[in-house]
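Novice: Next come the chains, spelled out residue by residue.
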Amino acid sequence: MDHVLTARTLFGTTMAFHIIFATLGVGIPLMILLAELLYQKTKDNDYALMANRWTKALAILLGVAIPSGTIAGVQLSLLWPGFMEVIGKVMALPFQIEIYAFFVEALFLSIYVYAANRISPTMRIVSLAFVAIGAAASAILITNVHAFEGTPTGFRIENGQIVDVDPWKAFFNPSFAVTATHVVLSAYMTGAFTIASIAAYKMLKNKHNERIQLFHKKALMLGLTVGGVFSLLTAINGHESAQLLHEYQPEKLAAAEGLFETQSHAPLVIGGFTDRETQTVKWGIEIPWLLSFLAGNRFDTVVVGLNDFPEEWWPPLFVHTLFNAMVGIGMFLLLLSIVGFIWHRVKKQHIFPNWFMWTIVTAGPLSLLGIEFGWIFACTGRQPWVIYRMMTTAEAVTQSTNLGTLFLLFTSIYVFLLVAVVLVLRSYFRRHPIEQHLSTHM
Amino acid sequence: MTDELIAISILWGFIFIYAVMATMDFGAGFWSMVYMNRPQTKATKIANRYLSPTWEVTNVFIVAIVVALVSFFPGATFMLGTILLIPGSIILLLLTIRSAFLVFSHVAPKYEKVLVYISGISGLLIPAFLISVLPITHGSFVETVNSVSHLRLDRLFTSPHEYAFIAFAITSTLFLSSLLLADYSNEANETEAYAIYRRDALIIGPFALLSSILIMITMRSEARWLYDGMIAYWPWLAASVALFLAAGLALFLPSWKKKNGRGMPRLAVVAIVLQYFCASYAYGKAHLPYMIYPDITIESGFTHPNTFRALFVTYIVGFAILFPGFIYFWRLFMKDRRYLANDEK
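Protein sequences appear in the order of chains A and B. Going by the numbering used here, the letters in the first sequence line up with residues 1 to 442, in that order. Going by the numbering used here, the letters in the second sequence line up with residues 1001 to 1345, in that order.
Bear in mind the hints are in silico, worked out from the structure with no lab data behind them. Among the hints, a few may not be true.
Using 25 angstroms as the maximum straight-line C-alpha spacing, the simulated DSS-like pairs for lysine-lysine come out as follows [claimed, not checked]:
1) A:Lys207 to A:Lys41
2) A:Lys347 to A:Lys218
3) B:Lys1113 to B:Lys1042
4) B:Lys1045 to A:Lys56
5) B:Lys1110 to A:Lys56
6) A:Lys169 to A:Lys43
7) B:Lys1113 to A:Lys56
8) A:Lys218 to A:Lys207
Label-pair restraints from in silico Cβ distances [stated by the list, open to error]:
9) A:Lys282 to B:Lys1113: 55 to 61 angstroms
10) A:Trp313 to B:His1150: 50 to 56 angstroms
11) A:Lys205 to B:Ala1320: 46 to 52 angstroms
12) B:Ala1320 to A:Arg298: 46 to 52 angstroms
13) B:Arg1155 to A:His3: 23 to 29 angstroms
Glycine is no exception: its CB is placed at the ideal position from the N, C-alpha and C atoms.
Just chain A, with the same shape it has in the complex:
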């Protein structure tokens, strides 16, 4: 593998690992907060129990999210010193403000976890709200750096020198709002579906205990409802993200859709694989005119194709498949929550059939997969640039060699931690089964 590709693989692996825990670290606090609020409203002890158990799981997940986030942050400087030199001069604000968000999250998480029995219920909710706000703010601010990479503003490069720096203009770059919203909404969706998955699985495994069934049914409906709302919002916002690409990064949209020729009334191709030789998408389903409509709300919108750009500026063409997988998962999850909602509310059925329960079990893993596809699409689709039309990834990479060994070391740590975190979660919830708590509350 060439040097740049090795560096990208190492950093990509770090991010792919970190994003699992970071996404849950943003999504789960919202679920805990909702459960705490439901408890205050209904005085139903089951919700207090949910909040309590989810907090334990969150503390374990953050035990990996925080150090892996530290790795990601430091690795940026170690692997991409050229990139961080520009970021330090122009786009330092989001990193700096993220530190404050990080502090808020760490302080109040420690307070909520280690001092829960010594603070008032109001302070518990306030602490939890700060954890949720801190986590969401960290996600928003870090995503802002990613947004800047796609739509850089607030500086110029003149003879290799960075001039005319306006840090706040860089901070509020054109894609900041839409991209950050996308990340937060999809994290809330993922947290909710993860809860729904686990609840559905537990219901399938405890068919004969009605009390346990009832407990998990409440968690399931909370997860499905919140997941449904946020998958709808994610879809609407995703549409805006695509229009943003049309305006600011047309070659990324062209690669995502497998469009080679610039045209009005452009078709949308769903599925299939982009073929470079024949300049077509093989085995895809073509819907006439739809892409033009999606890109500009009019069928005669001219969508720019890849052939308008020099080939060395093309992103890898497989991003079409990643893009489709991400959108497909989002649509599927939206449908799933609508069906579940109708079944529960309109048909008044409280027990879902087995096949539907098993489908819900896939929702959590699928949404995480959707997050992974989305990030790989977003970062691979920007190649060959690290800062769009300003700096290539090859210009930013470290001059140190021997990244292969580091890649192996870091990857084995991630595999090890993944196994460890599963073992620790299982061991904890085996020793503290739900029956124990339910019987004391009944």
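Take the given structure of chain A and dock chain B to it, following the hints.
Specialist: Quick look at chain B alone, frame taken from chain A:
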């Protein structure tokens, strides 16, 4: 004060706070390993009670240092990032394992022994690697060929200067943490644990001072520019030694609060933190204007002035907002007797 000086002072402030908090954090992990098999004393419990709520906050400081470095001195980032790839990666891997296992050991008692060993041993290794960044910035281990900089690991790990720093890091970690834990157990009225940590602090203290003298001796031959600079700040070094002696004395004086009690650990902690403050001030002042000798100075690596101004505003606003949070945290975990005296984890 120029913008560059303000920026390097903020960075140095972060490093100093992290150094103090981290040595206590890492040391507490080590002591909880050492006293694990002596359940009759509460020394382990005291160490764990301090450690549990603080590591996440301590960890934020390391990210704060990296961010302050990149945002204030992006010009230094390029070279530092390049030469620190290997040591930086090792530190990251160790930190990750350690933090993950600190959390795991709380929820999975079945693995507790393994986990305590991991956090105990990494608690000594991490400071050793972290402090190596200092001798690396002294310049003689960096080699530039065709404008590409490399860290000569072979030269670094055969240098007595590097080993003096490592010895200093380890002894300081143990010294500071045992002193703090002595104060912490004194606050919690754990007489036995207090006696143990007080004894440990008295044994290790002189070795910490000795290793700092070793640093000066090796510096004389390996980084003469810095040695001369530090000697020019000799009153600060003298004050540092005086504070060390004052701390030792404080541990022997009769206690104010308790009858028959021995030592004033709070006074000793304050004196020792001031001691490290004086010493690191002299080191830092002598190091200026170089960040990495002789290539990068604070002027050459400095960020764009507009960015500096924007950052400076967020520092003031950010810490003004955070300050009450820190106070609340401190009162809950460091002052609340219900927490200090609690037997449960």
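Novice: So, for every hint listed, does it hold in this structure?
Specialist: Taking the hints in turn, this is what the structure says about them:
About 29 angstroms separates the Cα atoms of Lys207 of chain A and Lys41 of chain A, which puts this hinted pair outside 25 angstroms; it is violated. Note on Lys347 of chain A and Lys218 of chain A: the hinted pairing holds, with a Cα-Cα distance of about 17 angstroms set against a maximum of 25 angstroms. The suggested pairing of Lys1113 of chain B with Lys1042 of chain B holds, with an alpha-carbon distance near 17 angstroms, which does not exceed 25 angstroms. Distance check on the hinted pair: Lys1045 of chain B and Lys56 of chain A sit about 21 angstroms apart at the alpha-carbon level, within 25 angstroms; holds.
For the hint linking Lys1110 of chain B to Lys56 of chain A, the alpha-carbon distance of about 17 angstroms falls within 25 angstroms, and the restraint holds. Taking the CA atoms of Lys169 of chain A and Lys43 of chain A, the gap is near 48 angstroms; set against the 25 angstroms cutoff, the hint is violated. Restraint check: the Cα-Cα separation between Lys1113 of chain B and Lys56 of chain A comes to about 21 angstroms, which is no more than 25 angstroms; the hinted pair holds. Taking the CA atoms of Lys218 of chain A and Lys207 of chain A, the gap is near 15 angstroms; set against the 25 angstroms cutoff, the hint holds.
Taking 55 to 61 angstroms as the suggested C-beta distance range, the pair Lys282 of chain A and Lys1113 of chain B conforms, at roughly 57 angstroms. Under the hint 50 to 56 angstroms, the C-beta atoms of Trp313 of chain A and His1150 of chain B, about 33 angstroms apart, miss the expected range. One distance hint, 46 to 52 angstroms for the beta-carbon pair Lys205 of chain A and Ala1320 of chain B, holds here, with the actual separation near 51 angstroms. Distance hint check for Ala1320 of chain B and Arg298 of chain A: the Cβ-Cβ separation is about 49 angstroms, which falls inside the suggested range of 46 to 52 angstroms.
Look at Arg1155 of chain B against His3 of chain A: about 25 angstroms separates their beta carbons, and that is inside 23 to 29 angstroms.
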